[in-house]
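Visitor: These protein sequences, in sequence, are chains A and B. Taking our numbering, the leading residue of the first sequence gets 1, the next gets one more, and so forth. Taking our numbering, the leading residue of the second sequence gets 1, the next gets one more, and so forth.
Hints are computed from structural coordinates only; laboratory data are not their basis. Hints are not guaranteed to be accurate.
Same chains, same label: a pair holds when it works inside one copy or across any pair of copies.
With a cut-off of at most 25 Å between alpha-carbon atoms, the simulated DSS-like pairs for lysine-lysine come out as follows [as the list claims (entries may be wrong)]:
| # | residue 1 | residue 2 |
| --- | --- | --- |
| 1 | Lys52 | Lys41 |
| 2 | Lys80 | Lys41 |
| 3 | Lys41 | Lys145 |
| 4 | Lys80 | Lys117 |
There are 2 protein chains.
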Amino acid sequence: MHLIIANKLYSSWSMRPWLVLRALDFEFTETVIPLRREDTKARISEYSPSGKVPVLLDGDIVVWDSLAIISHLADRFPEKPIWPKDPAARARAKSISAEMHSGFQALRQACPMNLGKRYAPRDLGEGVAADVARIEMIFRDTRAKFGDSGPFLFGAFSAADAMYAPVLSRFETYAIPVKPEARAYMDSVFAHPAFARWRREALSEEWTIPDFELGYEVAADLRAGVA
Amino acid sequence: MHLIIANKLYSSWSMRPWLVLRALDFEFTETVIPLRREDTKARISEYSPSGKVPVLLDGDIVVWDSLAIISHLADRFPEKPIWPKDPAARARAKSISAEMHSGFQALRQACPMNLGKRYAPRDLGEGVAADVARIEMIFRDTRAKFGDSGPFLFGAFSAADAMYAPVLSRFETYAIPVKPEARAYMDSVFAHPAFARWRREALSEEWTIPDFELGYEVAADLRAGVA
Numbered sequence: 001m002h003l004i005i006a007n008k009l010y011s012s013w014s015m016r017p018w019l020v021l022r023a024l025d026f027e028f029t030e031t032v033i034p035l036r037r038e039d040t041k042a043r044i045s046e047y048s049p050s051g052k053v054p055v056l057l058d059g060d061i062v063v064w065d066s067l068a069i070i071s072h073l074a075d076r077f078p079e080k081p082i083w084p085k086d087p088a089a090r091a092r093a094k095s096i097s098a099e100m101h102s103g104f105q106a107l108r109q110a111c112p113m114n115l116g117k118r119y120a121p122r123d124l125g126e127g128v129a130a131d132v133a134r135i136e137m138i139f140r141d142t143r144a145k146f147g148d149s150g151p152f153l154f155g156a157f158s159a160a161d162a163m164y165a166p167v168l169s170r171f172e173t174y175a176i177p178v179k180p181e182a183r184a185y186m187d188s189v190f191a192h193p194a195f196a197r198w199r200r201e202a203l204s205e206e207w208t209i210p211d212f213e214l215g216y217e218v219a220a221d222l223r224a225g226v227a
Numbered sequence: 001m002h003l004i005i006a007n008k009l010y011s012s013w014s015m016r017p018w019l020v021l022r023a024l025d026f027e028f029t030e031t032v033i034p035l036r037r038e039d040t041k042a043r044i045s046e047y048s049p050s051g052k053v054p055v056l057l058d059g060d061i062v063v064w065d066s067l068a069i070i071s072h073l074a075d076r077f078p079e080k081p082i083w084p085k086d087p088a089a090r091a092r093a094k095s096i097s098a099e100m101h102s103g104f105q106a107l108r109q110a111c112p113m114n115l116g117k118r119y120a121p122r123d124l125g126e127g128v129a130a131d132v133a134r135i136e137m138i139f140r141d142t143r144a145k146f147g148d149s150g151p152f153l154f155g156a157f158s159a160a161d162a163m164y165a166p167v168l169s170r171f172e173t174y175a176i177p178v179k180p181e182a183r184a185y186m187d188s189v190f191a192h193p194a195f196a197r198w199r200r201e202a203l204s205e206e207w208t209i210p211d212f213e214l215g216y217e218v219a220a221d222l223r224a225g226v227a
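Just chain A, same shape as in the assembly:
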């Protein structure tokens, strides 16, 4: 299998299927196509019928979109614990993953993913606050009902954690205050070897895209010396 993604520093959609593949020990190769360069469009179009990344080539099969790639992997590799096995947990995992996939526009717009920065706390507005409150409720409810057997949403790491991982990084990047239980869950995801590897590789990228580097006050630059 071959996964085509964009900048690890910025591409939240790319992170999701990559985390699933890496965390669940799939064998795959990857190509990173940096965004906003002269040849970006042409390079992505070589692989992707939608002109977007991520896209997965699985032999002759082409599948694009983070959630579709995850769903495809679950079809093709039913032995891999991509979704929880218990039907109620599985339904919940799919529900919250789909809610992430189509929702939380305010948060996504105000807080683009940027693993290289820590911004000083600031008021991000009511829309973002409502999104954060809903996400914290999702974590709390899901962990309470289904998370007994481990530190992730459904105990063991699953696709649902991968779907929410970029948002966790935004909480950190934008210094968004969260309750201790959400903080503990975030730390578990950040400590997962797959997330840690993605972050390390993101920080070593040499590309910087001004549009994703907001004019907010910077509290820490984790890429000092890179750009």
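Model the placement of chain B on the given structure of chain A, informed by the hints.
Guide: Just chain B now, kept in the frame of chain A:
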């Protein structure tokens, strides 16, 4: 199974899982909760952890979001032809469904679903034009590669058709010009008994929501006498 949805006239998210259930002859009951009324929020919250519809109750299992409900049904009823069987077709069906689920914001924002109106043609802007062009390309490519055996995207009616059905109704409502091949596909969906039934039931609803009734010039009011 019990599906909870909103106004059939306006709720594009509700239409999708309902069409899958109805077109594939599932047995289910339904509750329609009209939007924007005093008790709307309380009534939806009785059923839905996300506070949104659609939500499906499958015994003890609760699943929300149109795409998650479809994915849940595919898990629980593998004998139903929700997705195409061929792996490449199935991957394509999931890709375009996910693309619909998270995309086409410009079209969705400028053209809310309203099965009761036909508006006069007007310039809907570049964003809408780009969305329409991409959707037409999806129809053309998918039908060419996978649609030989019937009039729908993958020949027989599948979840991918249900995911795109609301957008087809928007093409009609807003008099958006489409190429003849897309028109033929639209007509096939509109003629499907499940879609025809949804439309009939939508037109007989007695609720009208001003926010969804745009100030555009009306070419035809299909609900004359209702509101």
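Visitor: Now tell me if each hint is right for this structure.
Guide: Right, here's what the structure says about each hint:
{"no.": "1", "hint": "Lys52 - Lys41", "verdict": "within (9 Å within a copy, 36 Å between copies)"}
{"no.": "2", "hint": "Lys80 - Lys41", "verdict": "neither (33 Å within a copy, 39 Å between copies)"}
{"no.": "3", "hint": "Lys41 - Lys145", "verdict": "between (44 Å within a copy, 24 Å between copies)"}
{"no.": "4", "hint": "Lys80 - Lys117", "verdict": "neither (34 Å within a copy, 48 Å between copies)"}
Hint violations for this structure: numbers 2, 4, all remaining hints satisfied.
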